[in-house]
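Here is what each chain is made of, one letter per residue.
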Amino acid sequence: MGDGTILIDVDGVSKSFGDLRAVDQVSFQVAEGQIFGIAGPNGSGKSTLFNIVTGIPFRPDSGKVRFAGREIQGLRGHEIAQAGLARTFQRETSFDSLSVFENALLGVTYGLGQRGAAARRDAVAEALAFTGFSDADFDLPAAALSVYQRKCLMLASALAMQPRMLLLDEPASSLTRPEIETTITLIRQIAARGVTILLIEHVLALLLTLSEHLLVLNQGQILAEGTPDEVVKNPLVIEAYLGRRKQAAA
Amino acid sequence: MTAPAEGVPAAAAPEGGSLTLEVEGLVSGYGRVTILHGVSLDMQAGHNIGLFGPNGHGKTTLLRTVSGLLRARSGRVRFQGRDITNAKPRQIVALGLIHVAQGNQIFPDLTIQEALKLGAYTPRARAAEAANQERIYEIFPRLKERRRQQIRTLSGGERQMASIGVGLMGDPKALILDEPTLGLAPRIKEELAAAIRTISDAGMPLVVVEQDVEFLMELTDQLYMINHGEVAAQIRPGEQIDHEEIMAMYFGTGGNVGETVL
Amino acid sequence: MTGAGFRMPSWMPLEGRELAAMAAGLLLLVLLPLVVTDSYTRHLIILVFIYAIVASSWDLSLGYAGIFNFGHLALFAIGLYTYGLATKFGDINGWAAIPLSGITAMIAAAIVTVPILRLKGIYIILVTFAFSQLVLQLVVSQSDWTGGTLGMTGVSSLKLPGHNFIRDGKIGYYYTALVLLAANILFLRVFVRSALGLSVVALRDNEEYAVSRGISLARQRLLTMVASAMFTGMAGGLYGAYVRNASIEAFGVGLLTLILSMVLLGGTATIYGSLLAGFVLVFLDEVMIDLGAWRPITIALLIILVMLVYPGGLYGGIRALAVRLARRNGP
Amino acid sequence: MNAAFEIVISGLFSGSLYAMMAVGLALIWTTIGVFNFGQGVFATLCAYITWQLVDAAGFGLPLFVSIILALAVMAVIGWLFQLALVRPFIGQPNIVLTVVITTLAAFTILENVTLLTWGPRPKQLPPLIPGNADVLGFGIAAHQLTIIVITPLILAAVWLFLNRTRTGLALRAVSQNEDASLLAGLNVPMMYALAFALSAVLAGLAGVFFGGLKFMSPTMGTEPLVKALVVVIFGGVANLTGPILAAYLIAFFEAVATYFIGFYWTPALLFLVLIVTLMVRPEGLLTGRSRRLT
Amino acid sequence: DDKVVKIGVLAALTGPNAADGQETVRGVQMAVEEANAAGGIAGYTFEVVEGDVKDHSAGAVTSAVERLLADEDVHFMLTGYASLTNFEIETMAEAEMPYMLAATSQQTRDIIAPDPDKYWCCWSLTPSFDAYETDVTPFVEALAKAGKIDLPNKTVAIVSSDNAYSKTISEGMKKKFTDSGWTITVDELVPFGEVSDWRPIISKIRQNPPDLVINTDYIPGNAATFLNQFLEDPTNSLVFLQYAPSVPEFVELTGEKSTGIVYNLLGGVIDSPKWPRGPELLKKFEDKYGTKSGAYGVGLYEMTNIYFDALQKVGDPTDHEAIGKAIGETDKKVAEGRLKFDPKTHLAIQGDDYIPITFFQIQSGNRVLISPTQFATGDFQLPPWMTKK
Ligand SMILES: Nc1ncnc2c1ncn2[C@@H]1O[C@H](COP(=O)(O)OP(=O)(O)OP(=O)(O)O)[C@@H](O)[C@H]1O
Ligand SMILES: Nc1ncnc2c1ncn2[C@@H]1O[C@H](COP(=O)(O)OP(=O)(O)OP(=O)(O)O)[C@@H](O)[C@H]1O
Ligand SMILES: [Mg+2]
Ligand SMILES: [Mg+2]
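Residue numbers (the numbering used here), protein chains in the order written: chain W, 200 to 449; chain L, 49 to 310; chain Z, 34 to 364; chain A, 28 to 321; chain Y, 112 to 500.
One or more of the hints may lead you astray.
In the EDC-like style, the derived pairs of lysine to aspartate or glutamate whose C-alpha atoms are separated by at most 20 Å in a straight line are [as the list claims (entries may be wrong)]:
| # | chain 1 | residue 1 | chain 2 | residue 2 |
| --- | --- | --- | --- | --- |
| 1 | Y | 424 | Y | 398 |
| 2 | Y | 286 | Y | 241 |
| 3 | Y | 403 | Y | 463 |
| 4 | Z | 153 | A | 310 |
| 5 | Y | 399 | Y | 367 |
| 6 | L | 136 | A | 161 |
| 7 | Y | 286 | Y | 252 |
| 8 | Z | 192 | Y | 144 |
| 9 | Y | 455 | Y | 252 |
| 10 | Y | 117 | Y | 183 |
| 11 | W | 432 | L | 238 |
| 12 | L | 165 | A | 310 |
| 13 | Y | 368 | A | 161 |
| 14 | Y | 285 | Z | 124 |
| 15 | Y | 278 | Z | 177 |
| 16 | L | 136 | A | 205 |
| 17 | Z | 121 | Y | 241 |
| 18 | Y | 385 | Y | 440 |
| 19 | Y | 265 | Y | 244 |
| 20 | Y | 117 | Z | 323 |
| 21 | Y | 117 | Z | 71 |
| 22 | Y | 500 | Y | 252 |
| 23 | Z | 121 | Y | 226 |
| 24 | L | 165 | A | 161 |
| 25 | Y | 451 | Y | 183 |
| 26 | Y | 286 | Z | 177 |
| 27 | Y | 117 | Y | 166 |
| 28 | W | 263 | W | 278 |
| 29 | L | 192 | W | 278 |
| 30 | Z | 192 | Z | 124 |
Hint data in this document are derived by calculation from the structure and do not stem from the laboratory.
Please read these numbers as outputs of a predicted model, since none were measured by experiment.
Given these sequences and hints, build the entire structure.
Have a look at this one:
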């Protein structure tokens with residue numbers, strides 16, 4: 200699907216906490232429309248990478264991030280979001296004192312979404328329907344949702360922003376198989392709309408199925424990169440991340 | 049599947065008969081809503097049980113009721129023959145039934161070290177504190193590296209390790225794990241399974257809730273499927289079960305067997 | 034019922050039911066003086082109105098936005114002194130001085146927002162409190178103008194040709210205060226139900242998530258603070274016109290406690306709660322006037338009781354009751 | 028030299044009083060995550076109870092016996108306080124604000140109860156140690172010297188208890204995650220009770236210090252409370268070290284500023300400095316994680 | 112005969128100044144009970160209604176005033192002090208309600224002086240405070256002349272608090288002292304409120320010991336702390352404290368320490384056998400309530416009686432204007448001296464033959480009136496910490 204043009208170009212970004220280099224000189228490029236997977240052992244710096252790319256809650260210590268030809272590493276979090284990068288969080292989050300509808304509405308209002316109340320409402324309704332909510336759910340308080348629904352809502356509000364790029368942090372963690380299946384289909388459909396996707400996941404069923412290109416981090420540095428098939432065969436990756444049996448399975 | 053039979057010290061089954069944990073017609077819920085409509089399950093001494101089933105159908109609620117966080121509206125819970133229905137959590141912990149809760153939200157402002165120390169709060173646990181800490185640092189070297197780091201700043205997986213660690217510090221006679229692999233990378237997941245298995249074989253029965261059925265079947269041999277707050281199906285120990293059957297049951301709740309089974 | 038969003042008319046986020054209720058309430062208060070004829074009771078109601086404006090505006094920053102702005106009363110005081118100085122030395126007409134009070138308060142709010150932009154939770158308490166202390170110090174030290182700790186007397190009353198605000202049985206101030214209150218509540222309700230209002234709540238619920246949805250913390254915080262200052266400052270001006278003097282008691286603990294009690298007893302993030310609690314507190318205080326020290330004790334006990342039974346405050350409590358009644362009368 | 032000495036003494040003395048008030052407040056905040064506005068009236072109450080016990084018009088007991096008894100009473104009051112005003116709201120979304128108002132209300136109640144019981148006329152406690160002491164040839168009231176000396180000891184004890192004992196650890200953990208605490212076998216209600224009893228005792232002790240220092244009135248608790256709030260927040264609420272340090276820092280700042288630029292502009296200057304500091308260090312003087320408030 | 116006149120008292124029944132408030136109400140109560148016991152006045156008996164001014168905030172005072180005004184049986188109001196600004200005088204004038212107060216006189220004068228006739232309602236027991244500002248200097252110099260103290264270099268340290276009362280007085284004092292050729296070694300203004308540690312200021316004073324130390328911060332607690340800390344290491348200076356030592360408990364709480372302290376009072380009760388009404392009323396008050404009266408107890412008692420006299424004269428309590436004027440014509444020996452009002456300011460006239468400024472020294476637990484001589488009950492004695500060649 201990707202037409203090859205580079206949408207985001209991450210160039211040697213680093214982030215340290217004290218003497219811990221959580222992300223260390225990481226560079227990669229993602230083509231428009233691509234689904235780009237990021238894997239790596241726990242604490243290898245995946246979420247931190249998301250954090251510094253989106254500027255939430257902090258910026259990189261060094262390095263550049265070029266998004267659609269524009270340097271964004273200096274921008275504030277909300278500016279980056281408005282530039283078209285929408286992210287989800289590893290722990291399912293929501294605005295608990297707002298309704299499902301309002302949660303998604305915020306995405307439209309402050310993202311790239313349409314102007315005009317009517318258009319906004321339709322966009323929200325569309326995004327919610329797309330992620331599997333029925334009209335009946337719109338007035339539910341977000342606090343009352345189950346784990347899976349929260350993940351969906353988080354996705355809906357991200358989509359409502361009409362982003363050019365979507366950063367998903369472990370969308371499948373703690374989901375059941377059927378739910379994982381649905382999520383896979385969902386992400387495929389999003390990509391089909393031409394939205395570029397950056398994907399962190401430990402559930403290989405989802406990661407390996409979806410990723411067109413896979414990046415493996417270890418200790419904040421790039422350990423391996425390539426197509427999923429190449430990467431899962433890479434002994435370094437097996438050693439650091441997959442472990443013996445998974446590799447056999449893969 | 050590794051058969052449980054050998055290596056299980058029969059002595060581990062105390063006077064209360066050969067049942068480690070016994071749940072009878074348990075009913076509980078939150079506020080007005082009832083979640084559990086009479087769940088019963090038996091845990092044979094020396095066997096580990098696994099719970100699975102769709103999200104939001106009461107697995108966690110069941111565990112919370114067993115460990116005293118939620119009041120049982122009716123029904124009984126016995127642990128090693130003792131009736132612990134609606135006992136205070138700290139009494140249950142004192143008996144050695146330790147519950148590692150779902151979601152890795154333990155003590156955000158404490159360091160890993162402090163949290164582990166707190167895990168060994170009961171006099172029972174204090175005795176074995178040093179040994180347990182060693183063991184945990186073996187299973188999760190990462191925790192040792194980061195022992196002075198605030199838990200809120202840990203990565204998702206690291207936090208999960210920490211909360212399992214805190215549970216093990218309680219020197220459990222029996223261990224309840226609610227979705228222990230949440231957010232864990234494949235390899236550490238494997239190692240966790242292996243480690244827990246070893247500990248468990250040395251006489252620490254397990255109750256495990258897990259979405260990853262493979263992982264579940266590695267650890268346990270007696271499976272219950274919780275659906276709509278009831279036991280929808282179960283597989284007794286020793287009973288020959290094949291993978292596909294389980295999957296079928298599992299997907300019984302909708303969704304079809306995807307082509308992407310590893 | 035489905036999608037609240039779908040029922041929002043695009044020009045205004047308030048729902049029909051709420052508007053109707055508002056109108057009804059307003060009508061009630063407009064007609065009230067026909068029944069309440071003695072000037073003392075009217076005086077008490079005027080105070081309730083003025084306090085309610087201050088409290089409900091505070092509810093915006095404190096309740097909705099979760100900004101722990103403990104300098105809110107300073108904004109009121111700034112309005113008060115603006116009115117005093119403007120009318121006494123700038124001999125500006127009182128009717129012009131009240132909006133002016135609003136403006137100065139808004140400017141002050143904008144200024145105090147700068148240092149709290151990066152701050153979280155309780156650290157905001159300290160800065161805003163410090164801010165109010167600085168304002169107090171400023172007022173006290175400029176005694177040539179403000180009268181320092183003596184306060185200012187001879188602040189001029191509101192004037193209308195052919196109407197004497199002082200000997201009219203308080204009817205003039207009653208309606209002036211009522212108009213300001215109505216405008217204030219309408220403004221606040223529209224604010225909180227608008228997209229801007231939602232974004233403010235979102236920031237309170239989960240800052241990082243909100244920012245990731247393109248919401249600017251700095252901008253919304255500034256807007257909230259300034260909005261909460263607008264009517265607060267004007268209320269200060271009206272208060273000055275009404276009591277015709279300005280003294281540093283406006284910074285005092287007594288007033289702070291009263292207003293805070295109104296916000297929390299009424300129920301945070303409700304706007305209406307403050308007015309409700311205002312009536313309750315002021316009139317309770319009145320009926321128990323002869324109990325001396327037992328009066329504050331009883332009122333305090335009552336506050337605690339309400340919080341225990343209805344952590345959502347009086348407004349929440351009344352809603353709960355309404356729901357229960359509805360259930361009982363329903364099938 | 029003379030001046031320098033006076034400034035040091037002044038700093039140590041005020042610092043001790045601030046710290047004494049602040050540490051109780053900080054204790055509640057770091058453990059339970061709420062502000063107890065009752066802290067001020069705890070001081071008032073304890074001073075009056077002690078007066079009742081020690082004064083000839085009261086029971087005329089020896090001072091130190093009276094203090095011990097009064098502190099015991101404070102512990103009970105603190106426990107009741109959390110039982111009625113804090114415990115019921117644990118786990119609610121805006122507990123911080125709710126507790127602000129409930130404790131403020133309790134403040135009003137106890138203040139007026141004091142007014143009704145002991146009347147509005149000023150009273151005074153005997154000094155801990157009467158007479159003047161002589162330090163390096165300078166005179167200083169023995170009472171104040173005592174305060175300067177014992178306060179750090181008490182603070183150190185509290186600090187060690189909280190940071191070096193398992194109970195202290197539990198105390199800090201319990202409000203971070205009540206379920207997890209229960210599952211670790213903690214006696215949660217006991218922990219809350221302990222935290223409040225302890226901080227009530229500390230505030231009470233501060234009250235006894237004040238009572239021997241200035242005239243007691245039912246409203247004597249307000250100013251120390253406000254000061255303590257400033258100190259605690261400025262010090263950073265992650266732990267006790269911050270507030271304690273802040274207390275002495277602020278006191279020394281005031282002493283120096285008062286001496287050189289005069290009493291009048293010192294508060295203003297102090298507040299300016301506080302604001303600027305927080306702009307540079309948004310998480311308080313000693314940076315540490317601030318608690319989530321909502 | 113059941114014709115009842117209600118007398119409205121504005122007082123702080125709750126809050127930080129409840130002590131003064133209580134004393135105020137008791138003073139009025141005492142007068143009213145007497146009058147009623149004596150069968151009333153002009154055929155009327157009396158009833159006290161209180162208006163709680165709480166923390167003296169404008170809102171609270173307005174409420175209290177409005178509340179009393181709303182009661183049409185109230186025909187007279189009085190207070191020790193109600194609001195910070197005395198703005199309620201305006202309200203009383205508009206409501207044509209006879210009103211007496213004993214609050215700081217400066218604001219009263221500022222309000223009334225521009226148009227005295229408009230304010231026929233309102234009269235102040237407190238005389239002009241000018242004497243507070245001007246009379247300390249001659250008093251001290253007189254002591255020196257009499258050889259009771261040395262003034263080697265005519266230096267004075269003046270500490271004040273930033274409140275209406277203290278600040279005005281200290282400003283005036285400074286002017287007077289400099290005009291009389293004194294040098295001011297320390298001039299400190301502390302923010303209004305509690306001062307827990309005076310040390311930095313006292314150490315400044317000690318830098319070069321002055322002949323005279325003045326603190327006009329009237330808050331008793333502050334004054335006591337100041338005294339204690341000064342005495343930790345006293346300089347050879349006379350210590351003058353404004354107002355605080357007149358508070359009954361001051362002496363008993365500071366004990367021996369206060370011996371030697373000098374203070375003065377304007378419109379205070381003259382506690383001297385040479386002015387019998389003073390001691391008599393003080394005793395009456397203490398016998399009745401078991402606590403000593405400060406300025407307000409006896410003061411309000413006298414004010415109430417002034418009203419009774421006016422009523423006696425007019426006969427009709429509802430003729431407010433007549434009552435107001437009658438009060439204005441008062442010329443009577445009261446506990447504070449001879450009371451006569453200045454028609455231009457409606458303040459009591461000040462002076463040795465009217466309301467005198469009385470100087471006291473505390474001598475081993477007793478307040479000794481040492482000036483003016485016609486009331487003096489004793490002589491000045493050198494404070495224990497001072498020396499003299
Ligand atoms: N605020 C922080 N302070 C200190 N260390 C931090 C902070 N945030 C993250 N870290 C550390 O940085 C490393 C990378 O964290 P990160 O969350 O990016 O890991 P991750 O790859 O997302 O792991 P997981 O797969 O478990 O989510 C971890 O070791 C973590 O402990
Ligand atoms: N604190 C609560 N208050 C009210 N309802 C709750 C609460 N916690 C859980 N529930 C509801 O109880 C039901 C069962 O929840 P529970 O967590 O036991 O399911 P589960 O099987 O553990 O799901 P998961 O696999 O997502 O953990 C869900 O519908 C959930 O919405
Ligand atoms: Mg992560
Ligand atoms: Mg669960």
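In rising order, the numbers of the hints this structure does not comply with: 1, 3, 5, 6, 8, 9, 12, 14, 17, 18, 24, 25, 27 and 29
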